[in-house]
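K.L.:
Listed below are the residues making up each chain.
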Amino acid sequence: MKKYFKDGSTYVWLTGAMASLSMLLVAGLFLLIFYYGFSTFWQSNVATVKLKDGSYISGEFKKEGKNYNDEDTIQLKIGNRDLYGLDFRWFTKKNIDSVSYDKELLLVERNEWGVFYGFPKELQIGNESIIYERDKDRFYQILEQKLKFKKTVVMKIEDLEHKISKINYNLKNLDLERKSSTLERKEEIENEVLLIEEKYQVLEKRLFEQADKLKNIKLRLYTSDGLEKTLTLENIERYLKPNSLSILGKIGLYFSKIWEFVSDEPRESNTEGGVFPAIFGTVLMVLIMSIVVLPLGVIAAVYLNEYAKPGKFLNLVRICVNNLAGVPSIVFGVFGLGFFIYGIGGTLDQLFFSDALPSPTFGTGGILWASLTLALLTVPVVIVSTEEGLNAVPKGIRDGSLALGSTKWETLKNIIIPSAMPGILTGLILAIARATGEVAPLMITGVVKLAPSMPIDSFFPYLHFERKFMHLGFHIYDVGFQSPNSEAALPMVFSTTLLLILIVITLNLTAILLRNRLKKKYKGMI
Amino acid sequence: MSKAINIRNLSLYYGKAKALKEVTLDIEANKSTAFIGPSGCGKSTLLRCLNRLNDLIEGVKIEGEITISGTNIYDPSIDLTNLRRNVGMVFQKSNPFPLSIYENIAYGLKIAGIKDKSKLDHVVEKSLKGAALWDEVKDRLNESAYGLSGGQQQRLCIARAIAVEPTILLMDEPCSALDPIATAKVEELIKELKKDYTIVIVTHNMQQASRVSDYTAFMFLGELIEFDETKTIFMNPSIQQTNDYISGRFG
Ligand SMILES: Nc1ncnc2c1ncn2[C@@H]1O[C@H](COP(=O)(O)OP(=O)(O)O)[C@@H](O)[C@H]1O
Ligand SMILES: [Mg+2]
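Protein chains in written order, with our numbering: chain A, 1 to 526; chain Z, 1001 to 1251.
If we strip away everything but chain Z, and leave its shape as in the complex, we get (with noise of 0.2 Å):
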């Protein structure tokens, strides 16, 4: 089994407090992976140390190592550059450029410095193929991405993050602002994706959670409870915390 990335005791401090407890954590190529666990519990930072988007927050501390296909990301030497077109992110709140839809999804590949227009349009029309939104904008290419509806903006998001061809891809409650058809067709697409890239996403949502991932952690107060297939940790957890979760008794 090969796995993509790899956690080892890793903390994490906002200040003074521990966000992140000794969280080990072994995550495999091309499958997806669930984060679930109460509000508050730490999978949103866990998620952003893995582009090392914590980094620009004052105050943070990290403790442990954090390795991607053997690399330790948290070397002094690593291009943040190169790791974060490596491990791309989609948020919780879709969060396209006050750009046209062209260049939200150009933008990745123009700070990369390719400015060859044929090359640009080919990558624009693949990820947006790729994010199933090609049909609805292949029209409209040049107008605000504000113009388009919230599921929309937020594949526009996931097509921006495919353009500058990841192997990762780290999603943070991606459908939490959605409503359910959109969530649908967001949720398919995770499906789609998981073919191509290694995916880890936060959900709030344990029906999601179980849907799409292969994997899933079960995280509470910074701490990893429990680490399973999705099918173990939701049929037969071992651990009695877990299932008072997944049964919806607490959280």
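Here chain A stands alone, though its shape is the one from the complex (with noise of 0.2 Å):
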């Protein structure tokens, strides 16, 4: 027995389990957000349910569960929010009469109240009518024009939309330019913003008269407990029957909804429609810190190794750098908003932007100051990382460099620093890594819940660091935990947290695969 303890196979076990029981942990974890996050966007079928006292509902089954009698209970997703007030409610199993699924009936996802759930009456238009139950064919045939038609006037409402929010911004500037200029040129300005805002009126009433187009075709349904409601094509993005959907329609049905929710802009206070603008600050953000940390990390590294003096006090400023590393995010998320963005934004908007003062330019939480912020937060793991990889340069070929003539500044930058490369880049996989998944600090320097603007758009100057921005991280948090609405959330936050996974491992992927290429090259290097 003591011989057993003594050579040490117990604890080969142990290493091994607890090494198995970790990996376990983390499949575990990525199943369940990869189950969860991918089956948020089949279309199962839509059940209408017959209740003992005789009454019916419509909806789809999410999960079980057991009442406090402890009998067993069902959960269905009922929908029409407008109606009924809340989008899910429990049965007791046995109140169930029935339950049929009825090949007419129609799902609505509607820009607001959630989906519709019921059956087809009639569809009007002005004042043409077409009854369902007279001529169907006709009536999914006129339903589906009519949506395209509603496409082409969407792309016209975006058109006269943009229009006008170049009118808003050349007022915006012409605003700001009358603040400090002569009477003469005061005047010219006011008949410049009369001008345009004649301009203004024009393209408004377009705008109108094309949503109105939209609100005169309307779409009166039935629930399967016999209420009415009649949509108008404004509210209406897309119908689908989900009961009569063959598999392969069910299928495209799958794609096009992960197409939407990566490409759309959110709906419903972010509990519906896609994620783009939170994929899009999230990636820019990363970028940006990217940009900052690189060549801030490699500077620092590049110094501290080579030209600093070795003693108590560079020790000194290594302990402190490692112990950066592990300050709490929310505390540089404090520091970034008192000295980014009060600080240096506070002084920018002063030197250079006081006619819009005292409404904040740069002095509010933007894209850049989070950026900054994160780019602070990861610095010392990219200089840790550089370091060792400047130590692991062989110190023959910084000899052989040198006795070529080199000076140490050219033997740094033509062999050292590229042969420190794949050091260099697993740094900034580490601060990549660990910046996507950062939520705190960027809570008070610049993210939003639902930004107006995107950070890049086709406005002068194209990139507006100075924007606040979405983020997915904020967003898992924002829709699951602050939405009065939850339990509707919960398949968005799922969805969610598995995009900001996947776009963590396409990040680091990219930089392993980079520097893997990069090891290759200076395998002999021993």
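It should be emphasised that the hints constitute simulated quantities derived from the structure, not laboratory data.
Misleading hints may appear alongside valid ones.
Stated by the list, open to error - Each computed DSSO-like pair below joins lysine-lysine, with the alpha-carbon atoms no more than 27 Å apart: (1) Lys-1093(Z) x Lys-519(A); (2) Lys-93(A) x Lys-50(A); (3) Lys-1138(Z) x Lys-519(A); (4) Lys-1129(Z) x Lys-521(A); (5) Lys-199(A) x Lys-218(A); (6) Lys-151(A) x Lys-93(A); (7) Lys-136(A) x Lys-241(A); (8) Lys-413(A) x Lys-1115(Z).
Said to hold, decoys possible - Pairwise CB distance ranges, derived in the manner of DEER restraints: (9) Asn-323(A) x Ala-1017(Z): 32 to 38 Å; (10) Ile-319(A) x Gln-1241(Z): 46 to 52 Å; (11) Gly-1059(Z) x Tyr-11(A): 40 to 46 Å; (12) Ser-1069(Z) x Tyr-303(A): 48 to 54 Å; (13) Asn-1072(Z) x Tyr-303(A): 32 to 38 Å; (14) Gln-1241(Z) x Ala-308(A): 41 to 47 Å; (15) Leu-24(A) x Gly-1059(Z): 51 to 57 Å; (16) Asn-1072(Z) x Cys-320(A): 40 to 46 Å.
All residues carry an ideal CB built from backbone N, CA and C; glycine is no exception.
Hey, can you piece these two chains together into the complex? The hints should help.
P.N.:
Structure representation (structure tokens):
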């Protein structure tokens, strides 16, 4: 027995078991997120439930449970929030009389109040009316046609909105100019403003006209328990007949929903629609951070490793750098708020944007400040890995370069730093991995629930560093824990989490591939 | 007789430890001179004084004087870059840069500001031929230098050193990491190079010293014990210590 302990195989077992346990936990977490994340987009059939008391209700079965009497219950997503007030309801199984899947049942995705489950009744276009029961084919034909029409109208509306935002932009600029110009120029500006405002009115009128076109087309539906609802074309995002979809149709729908998720703007306080602005904000922020942190970290590491005089002081600096990596991220957030936003941003505002004061330009949270804060947060990692990379370069190579007459700086620039690239990239990978997942410091340096405009657009100077932005991590927090309708938002939380993980993995993988290619290049350099 | 290098009363301290003790030595131009002696006696240290590669080591203090072609190389006004271009060096462990074969040779020239492609091509070819490597690598100049064998890498380092056209070539045990065949090739090369360069070579291997060098310096514990023509050192040393070392009684 003693020998058994002595030869250590117990410990090998123990370490092995621990390692597998951690792997299992990670794998489990991933599996869970992948399962829920991807199953969100699958359209299941919509049941029509007949209850024992004779009433009907339609919806999608979500999960099963037990109530306090230990009876089996089942949860139904009943939608129609405008009529029922809530999206989900639990039913005791013994109260259910029968369940049917009606082929004609319609699922309508709307831009307010969530989905609608019901049956078609009538399509009204101005004074014309098409009754569903009389001519089902024609009903759908016209509905399809009208939805296509809606697309063109929406395009026109977007175009008009773009023009209007351009006008607003011009007006704002003129307004700023007026504050600081001579009397004559002021008059000129007044006239210009009047002209522009006229244009504005015309555009706005045309916008309303277009919107009215959509309002005049109405779809009348009724629910399985007989309530009626009229939707205007404006409200309808898309419709489908879930119970008569073929498997191929469902697969097509699945992918189109995924596409919508990654490419669309959010709707209904972020619980529906897509997360494109959040993806964009996250990736852009990480990119800006990388661009800042890489030179910063590399330069600092080169100084510490190559030029600074070794001794107690240098060791102290190294210890500080290492400890910096352990400071809670919220502290960096507070620092970013105080230093970047109030300090630098406030000064910038006073120097260059004093016309716009008191409303701040740079003196408030924005994507630049958030990125810089994250760069500070991650710079220790880059420093440490770069130093490791520099130390791993064999001394002989340095001597070789020096012996050829190159200066220390030339040696560093041409030989040492390129050879340390794998180490530097390792640092960047770690920095990116940390920065992508960080949320706390962003919440006080510029992230918002819903950004009015993207940090990159078609207006000069195209890249708007001062703008607030959306972020996937914050999106998860906001949708999952701050929204009033958290049950309905749950699928969104899972798919956003999945997306965030996928983005982190992609960013990491790119850097890892790059690093491995470099490693191959320097392979023989023992 | 023209003396290329004059070392006068050279002492070197690593911190408090005295690694070289008042070494005085004249090295002749266009001849090869070998430093022999047991491990740790200061051969490499002395060699690295000749191109001031010890300067960068923390805590090194040097006393005495070294003149090369009449100029004191420890004069503060000396241009290190020029000095090192004039005094090339090949190291014990081959140390090609993580670059292509071509770039390895061209590195010294590029640092010196030569960008002309045809000039570079010419020098690369000439240096590789000079290092007897051209035929083996002429079809793979743009491949990584790490694809070469150990012996080829060492000859590449020699080619790299002669590419900047030095007059003196320092070699610190250039064959100690090579197999016998590669060693023979490098030795052959050294004999060839002797015609154009002043060669100072550190070696552990007595046969090698006798094969490739015209003069030999025997060092022991940081002191220069005896310096004379190689023939004399090996056949008829005047100091007992040298004789003991040569005949393998210690070291
Ligand atoms: N960088 C250094 N720092 C401190 N001592 C050194 C250093 N390099 C060499 N030494 C010491 O100097 C002495 C001579 O070393 P070296 O010139 O390398 O000997 P050799 O080349 O003859 O084997 C040895 O005692 C060695 O420990
Ligand atoms: Mg040595």
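K.L.:
Give a verdict on every hint.
P.N.:
Tested hints:
1. Distance restraint check for Lys-1093(Z) and Lys-519(A): the Cα-Cα separation of roughly 21 Å lies within the 27 Å cut-off, and the hinted pair is therefore satisfied.
2. Our distance criterion of 27 Å between C-alpha atoms is met by Lys-93(A) and Lys-50(A), whose separation comes to about 11 Å.
3. The suggested pairing of Lys-1138(Z) with Lys-519(A) holds, with an alpha-carbon distance near 25 Å, which does not exceed 27 Å.
4. With a C-alpha separation of about 26 Å, the suggested pairing of Lys-1129(Z) with Lys-521(A) holds against the 27 Å cut-off.
5. As the CA atoms of Lys-199(A) and Lys-218(A) are separated by approximately 31 Å, the hinted pair breaks the 27 Å bound.
6. With a C-alpha separation of about 43 Å, the suggested pairing of Lys-151(A) with Lys-93(A) is violated against the 27 Å cut-off.
7. Between Lys-136(A) and Lys-241(A) the alpha-carbon distance is near 13 Å, which keeps this suggested pair within the 27 Å criterion.
8. Between Lys-413(A) and Lys-1115(Z) the CA atoms are separated by roughly 17 Å; this keeps the pair inside 27 Å, and the hint holds.
9. At about 36 Å, the CB distance of Asn-323(A) to Ala-1017(Z) agrees with the hint of 32 to 38 Å.
10. A hinted range of 46 to 52 Å holds for the C-beta pair Ile-319(A) and Gln-1241(Z), which are about 51 Å apart.
11. Between Gly-1059(Z) and Tyr-11(A) the beta carbons are some 45 Å apart, a value that agrees with the proposed interval 40 to 46 Å.
12. For the pair Ser-1069(Z) and Tyr-303(A), the beta carbons lie near 38 Å from each other, so the given range of 48 to 54 Å is not met.
13. In this structure, Asn-1072(Z) and Tyr-303(A) meet the distance hint of 32 to 38 Å, their C-beta atoms being roughly 33 Å apart.
14. Taking 41 to 47 Å as the suggested C-beta distance range, the pair Gln-1241(Z) and Ala-308(A) conforms, at roughly 45 Å.
15. Between Leu-24(A) and Gly-1059(Z) the CB atoms are about 54 Å apart, so this pair conforms to the stated range of 51 to 57 Å.
16. Checking the proposed 40 to 46 Å range against Asn-1072(Z) and Cys-320(A) shows it holds: the Cβ atoms sit about 44 Å from each other.
Of the numbered hints stated above, those contradicted by the structure are hints 5, 6 and 12, listed in ascending order.
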